[in-house]
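Participant: Keeping the supplied structure of chain A fixed, place chain B upon it in accordance with the hints.
Keeping their order, the protein sequence lines are chains A and B.
Using our numbering, the letters of the first sequence map in sequence onto residues 1 to 412.
Using our numbering, the letters of the second sequence map in sequence onto residues 1001 to 1207.
Take the hints with a grain of salt, since some may be wrong.
[What the hints assert, rightly or not] Calculated pairs, DMTMM-like style, for lysine to aspartate or glutamate (alpha carbon to alpha carbon, straight line, at most 25 Å):
1) Lys158/A - Glu1111/B
2) Lys76/A - Glu324/A
3) Lys214/A - Glu1156/B
4) Lys198/A - Asp229/A
5) Lys262/A - Asp186/A
6) Lys286/A - Asp132/A
7) Lys403/A - Asp1170/B
8) Lys311/A - Glu1156/B
9) Lys214/A - Asp1196/B
10) Lys105/A - Glu125/A
11) Lys191/A - Glu1089/B
12) Lys345/A - Asp186/A
13) Lys378/A - Asp1170/B
Think of the hints as simulated: they come from the structure by calculation, not from any bench.
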Amino acid sequence: MRQRSLIAITAALAAGALTLTACGSRDDDGGGSDSGNGGGGTTVVIGVDAPLTGDLSALGLGIKNSVDLAAKTANKDNYVEGIKFEIEALDDQGQPSVGQQNATKLVANDDVLGVVGPLNSSVGESMQKVFDTAKLVEVSPANTNPALTQGVDWQTKKVRPYKSYFRTATTDAIQGPFAAQYVYNDSKKKKVFVIDDKKTYGAGLAATFSEEFKKLGGKVVGTEHINPDTKDFNAVATKVKNSGADVVYYGGEYPQAGPLSKQIKAAGAKIPLVGGDGIYSADFIKLAGASGTGDLATSVGAPVEELPSAKEFVANYKAAGYKEAYEAYGGYSYDSAWAIIEAVKKVVEDNDGKLPDDARAKVVDAMQNVSFDGVTGKVSFDEFGDATNKQLTVYAVENGAWKSVKSGTYTG
Amino acid sequence: MELSGAGPVEPGEGTHAWETPDGPRPSARPRGPLARRYDRHRRAVHSALAALVVLAGGGYLYATRPQPERPPATPPPYPSQVVDITYLEPVPSPGNAPTSSFSFAVLLSVESGPSVTVTRIAQPYPGLSVTSAPAAPFQTKADSARKITITMRVTECGKAPWNAGLPFLDVTLRNTRAIQVHSFILGQRYAQHLSDALQVACSNDSA
Chain A
1 MRQRSLIAIT AALAAGALTL TACGSRDDDG GGSDSGNGGG GTTVVIGVDA PLTGDLSALG
61 LGIKNSVDLA AKTANKDNYV EGIKFEIEAL DDQGQPSVGQ QNATKLVAND DVLGVVGPLN
121 SSVGESMQKV FDTAKLVEVS PANTNPALTQ GVDWQTKKVR PYKSYFRTAT TDAIQGPFAA
181 QYVYNDSKKK KVFVIDDKKT YGAGLAATFS EEFKKLGGKV VGTEHINPDT KDFNAVATKV
241 KNSGADVVYY GGEYPQAGPL SKQIKAAGAK IPLVGGDGIY SADFIKLAGA SGTGDLATSV
301 GAPVEELPSA KEFVANYKAA GYKEAYEAYG GYSYDSAWAI IEAVKKVVED NDGKLPDDAR
361 AKVVDAMQNV SFDGVTGKVS FDEFGDATNK QLTVYAVENG AWKSVKSGTY TG
Chain B
1001 MELSGAGPVE PGEGTHAWET PDGPRPSARP RGPLARRYDR HRRAVHSALA ALVVLAGGGY
1061 LYATRPQPER PPATPPPYPS QVVDITYLEP VPSPGNAPTS SFSFAVLLSV ESGPSVTVTR
1121 IAQPYPGLSV TSAPAAPFQT KADSARKITI TMRVTECGKA PWNAGLPFLD VTLRNTRAIQ
1181 VHSFILGQRY AQHLSDALQV ACSNDSA
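So here's chain A without its partners, still in its complex pose (with noise of 0.2 Å):
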């Protein structure tokens, strides 16, 4: 009698605990088995080009992780139907004929739909044609030079070079003036030193800079081209100082920013610097030093903190693991290589599930029309294969970090 009451309770207990522990986790997994591997037969492979070794490669590497982390949140979510997507990742090293030979390879590889990168707007110049010839769409984060898209004669007459070449960064003919308009007006500078590397993004983001700050009433007080390959710019510094001016504007890229913003606050002109997104890195407050306490930088993009989209990538950039950060160009990698994920997957629900013969032909055609809510807002391209979504904003070295002063959206 005792052992049939205990039999009782314990019975009793078992099936309440099971039913109750039935209702509390009936919504846990939704049911889904997303093991990552989206279970496609077909392998698309995204090419990647980005300096991953050398001076740059902060920046290369973060471009790299993003793309690979677009390449497995498209998997897990078996984004395309019965395709895996892979990447190949090859470093430029900066250089134009690197990439070009980069480009050579990822056109010989048939499996290669399309390709993110590079940083460097003398590097893409070089790449370009290559891809074109191939009908191999290129998707670049970070090239700003406006001839890239809008041809040579760009500030007179617009005409598209190569219809392959897309990007989802805001050029320099907006950063330049964008800049000049901040330095003049906001900071109140009347007298600009202009320093250029004499590559294609340095020059002409100063020139589109100097062009702006003189219609402005500003005067340009002296200018000068250093050598990207020495990190001795004492000579520059002595310059800048028996000048007068008030500003300095650098057209190049951080790993000579930094070491010529220190030299020119040691040689006695305490005056800030000011660059444009190839500057606008965590290693140019490092290069800097204390004394870079104040320079400034225009970056491409709305701050990520404003954009909730862009929370959702750090997060998940963060739980991937990478070791290196996803840089300045973080968000616009993952959004070029999505934009490939979207056309190539246009171009395979158009053919009944199955990746065309003429697949790269097909995407060049698809990214045209592509438009998706990226991580950095809305991603679409115009007629030039420009970005529509034209943000900028203006960071200022403060306590060791950038930090967003001024916000700007190109409308015209």
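Facilitator: Frame of chain A, contents of chain B only:
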């Protein structure tokens, strides 16, 4: 050094004290009325107890059940991410505007999220002042757009942006998320019209 401490002595086999069936039993206490009722309703009492235990256990399990992961409530978007201001065209200035004034129409639209209030419209150039109709502050709801007339007055021709390539408006936006000053770069048509209007306003002024 060797350890010499001994653990607790465990009862070995046969070390338990066994009840001796033949031993003297403690005398049975007289059973009260409650105990007698219990004897009569033992099964019912056990069932009631079981039900109570099930209820208590169930309550505990229910209270500590794993919560399905609810996405955290997404905060409203930053106002600068949902507001668009585009340039439309030059328009006549309001009747009461000074002679050195000129006006443009812009379209302000709010894409989504809570209503956005424009608390200030400014422009960064010395030599120019700006007013708007409707006058700030004014509110615009999501999924709607409104035409705004921007009137600029030249205060000092020598300091006006005669030839700015990409002039912009600085607009202070507020919604339940944040207050932000955002620059809207209105493009080349606006730049050209601003330049033209400045030429006219300043030539009138000096005439």
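Participant: Evaluate each hint against the coordinates.
Facilitator: So, going through the hints one by one against the coordinates:
no.	hint	result
1	Lys158/A - Glu1111/B	30 Å, violated
2	Lys76/A - Glu324/A	22 Å, holds
3	Lys214/A - Glu1156/B	19 Å, holds
4	Lys198/A - Asp229/A	12 Å, holds
5	Lys262/A - Asp186/A	24 Å, holds
6	Lys286/A - Asp132/A	39 Å, violated
7	Lys403/A - Asp1170/B	19 Å, holds
8	Lys311/A - Glu1156/B	45 Å, violated
9	Lys214/A - Asp1196/B	18 Å, holds
10	Lys105/A - Glu125/A	17 Å, holds
11	Lys191/A - Glu1089/B	34 Å, violated
12	Lys345/A - Asp186/A	46 Å, violated
13	Lys378/A - Asp1170/B	23 Å, holds
The structure does not agree with the numbered hints 1, 6, 8, 11, 12 stated previously, though it agrees with the rest.
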